[in-house]
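Student: Just so you know, the sequences run in chain order W and E.
The numbering used here applies: residue 1 is where the first sequence begins, and numbers increase by one.
The numbering used here applies: residue 662 is where the second sequence begins, and numbers increase by one.
Among the hints, erroneous ones may be present.
Stated by the list, open to error - The list that follows gives simulated cross-link-like pairs (lysine to any residue, SDA-like), each with its CA atoms no further than 20 Å apart: (1) E/K730 x W/R534; (2) W/K582 x E/K730; (3) E/K730 x W/M332; (4) E/K730 x W/A280.
Note that these hints are calculated values from the structure, not bench results.
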Amino acid sequence: MSQATELRERIDDLALRIVLGSQESGVNMPAWVSALETIVACALQNGAAPVAAQASRILEDLKGDTGKAVDGAVLQEAMTALQQAMETQEGAPSAATQSLAQDPELLSDFVLESREHLANLETQLLILERDPHDSEALHSVFRSFHTIKGLAGFLELWEIQKLAHDVESVLDRARNSELTVTAAAIDVILASADYVRRWLNHLESGLQKRPSEAPARDEDLLCRVAGISSAESASAAPHTELGKLAAAVETSTESAAPASELPPKTTRLRETMAVKVNTAKLDYLVDMAGEMVIAQALVRHDPELGQIKTPRLQRNLAQLNRITAELQRTAMAMRLVPIGSLFRKMARPVRDLSRQFGKTVELKTEGDDIELDRTIAEELGDPLMHMVRNSLDHGIESPAERKAHGKSESAVLLLKAQHQAGQILVEISDDGRGLNREKIVAKAIEKGLIASGETLSDNEIYNLVFRPGFSTASQVTNVSGRGVGMDVVQLHISKLRGRIEIRSTPGQGASFVLKLPLTLAIIDGLVVGVGKERYIVPLFAIREMFRPREQTIWTVQERAEMALVRGSLLPVLRLYRKFGVKPRSEDPLQSVLVVAEVESQRFCLLVDELIGKQEVVIKSLGETFRDVTGLAGGAILGDGRVGLILDLDRLFMDKTGDAGR
Amino acid sequence: MSSILVTGNEQGTAVAADARTGKYLTFQLGNEEFGVRVLKVREIMGIQEITAVPQTPTHVKGVINLRGKVVPVIDLRLKFGLPPAEYTPRTCIIVTQTEGESGLILMGVIVDGVSEVLNLAASDIEDTPDFGEEVAVQYLLGMAKVKGKVKILLDIDRVLSAQDLNHLKTLLQ
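For reference, chain W alone in the conformation it holds in the complex:
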């Protein structure tokens, strides 16, 4: 940049002199020519080709006109053009910086990829240090620098591009056996890698909006890089001597750097290595693994095979069983990602918002390495952001208020993930003021969600914030609770087959606990039989099941049926009626009642029998059955047949719809 500024100054200076010169009688031709020549050289050196071209044109005019009287006006015009060219030249890089800043995604990809390359080339360089003739390592280092150069060029990061290009040229010569990679050279290349890394850090800081200074152009480093090739080529004749020297240096570095340092590097690299796989292929793999488990079960339980009692067969079958189960588990695990990256995404909004609200908030995370399904992780981003924002806006008090209540001025927002009973618990908790019962109740009454005389449990009151329309924008902040679009949050979460629970202590803080399934692809299901058909009821929604007695089921107006379960009357849905299946028996006393809970409301399903619990892989029924309500999908049961998974939400909605009619 300093060179560009210098160029700019020179041009302006000359323009001034020409303007002054044309007014005065004495025209200082030689001075102008020399000034222009400097400008051309400077522009060329700076890569400002248009400026250089414009300047040389003026220069030619000047020289050609030596005999005649110099027309000041023409010269002035020419200089204006030159200044404009300079402006466009200066404008170009700044526009580029802007376009970069506008595409943080590309930039972060670049940072990510370059880091991988740097990690790779460091390992390879260390291998090269031990064996300078390891051409594979050399190629690998070359390729890494080449990629970095290319990407940097694409993103117009000229400093990185220039250095990477120089290093690449050196490596290219090494590849062509024009020079040997000495320990000194490796030092320089490693220093170059460090320089690139400093740039990456700077770029990343820029992405995270952290203040950071761009690394200064390291002329010394560039010279050293250039020095590698020149030194080598200059001393090409006494090559043997140098070779010996280099070998000596190499051995010394080798002994200096113990070999034990290498393995950890390699393993670290392995950990970060990943392959991008098309999700369709992954799903297919999961399908096939599931099929294999079923096929394996069919073979194992084959009656004819069962008659063979040889230990060898039994052992082999057991082995097959183990392997298929492991295969299925591995296939499933491929869909999982650690939740930490999701938590880390919250860091910036927390920072921004806490500043915006004038609050001091410390973000803590726990359980970053808990893994969950990729789809869930993606879908969870928005609701999580929403709750974090709510917490910062409504939950956490201003520093002054906190101080007045005897709390530390800095609030803590905790994002925590943990496994619990086959589910993942994600907790968003703060130590703010908690939810305000009275205000929520007042708001709910005002909105007509509850009658004024109703007595509600804490839980019921907190759940009011999930009701649509509870927080229709206007003055949500009047309610200290978290009104902003919590119904949307809940919708998101229930789409993921999860649930939200609110815990709140006035003055101590509130926490929102998300209970999510490990994966969307698998559910624990209860297989129930109705007539000849079998259905799968998602286990997470089941509260209890029992065989009804005579006093359990009551009819309401001869139409709707209610069951008396633990003192409360719950609507009953006879599944065979709903699905038009012929049941084994229409007598409820011969059937089983399954109590399910949907959106904190319970209802009963009447089925013929309980068959068992099974973990099933959910499969879409496809667009053919788009219009069918009450089914969430299909699943392959243990015997290879398809079982239908019930959509309890829809069943319940339809049920209540029936009762209303």
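Given the structure of chain W, go ahead and fit chain E onto it with the hints provided.
Tutor: Same frame as chain W, but now just chain E:
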């Protein structure tokens, strides 16, 4: 591809006949012989246990497990309004692949039995005669005469996407 075929069919040009040439899988349904393009057929399997899906038209028999995929199955007899028949060992499910709104859809079609694969030349294929309004000819690619027998060539994409095929009944009786 189907759109080309259909336009050709409507106009009855020579190009259309060319587009219709190729290999067809023929099968029986009632007393008729039908043909579908081999390219549309994924596989043929014997009848197997089908899981019924509620709230569907009678011709939709339910779903089967095709190597880990849940595939819907329709009974072509019922779809065409023919009387239902007992499933026999000859009864087959032809798994077809058709263009759906979101990519390829696999769909099983129950037929009375599959016959053979025919290679039909342009001269074998004739345009569907005009049966009047009672027969919905848009589901037909044409008629093929092979060894003195007539085979009805189905545009399976259209057959499976169509909601109601009762019009075809008239043709079949």
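Student: Confirm or reject each hint.
Tutor: Hint check:
Only pairs whose Cα atoms come within 20 Å are accepted, and E/K730 paired with W/R534 is accepted, the gap being roughly 18 Å. The suggested pairing of W/K582 with E/K730 is violated, with an alpha-carbon distance near 27 Å, which exceeds 20 Å. The suggested pairing of E/K730 with W/M332 holds, with an alpha-carbon distance near 16 Å, which does not exceed 20 Å. Between E/K730 and W/A280 the CA atoms are separated by roughly 13 Å; this keeps the pair inside 20 Å, and the hint holds.
Hint compliance for this structure: hint 2 is the single one not met.
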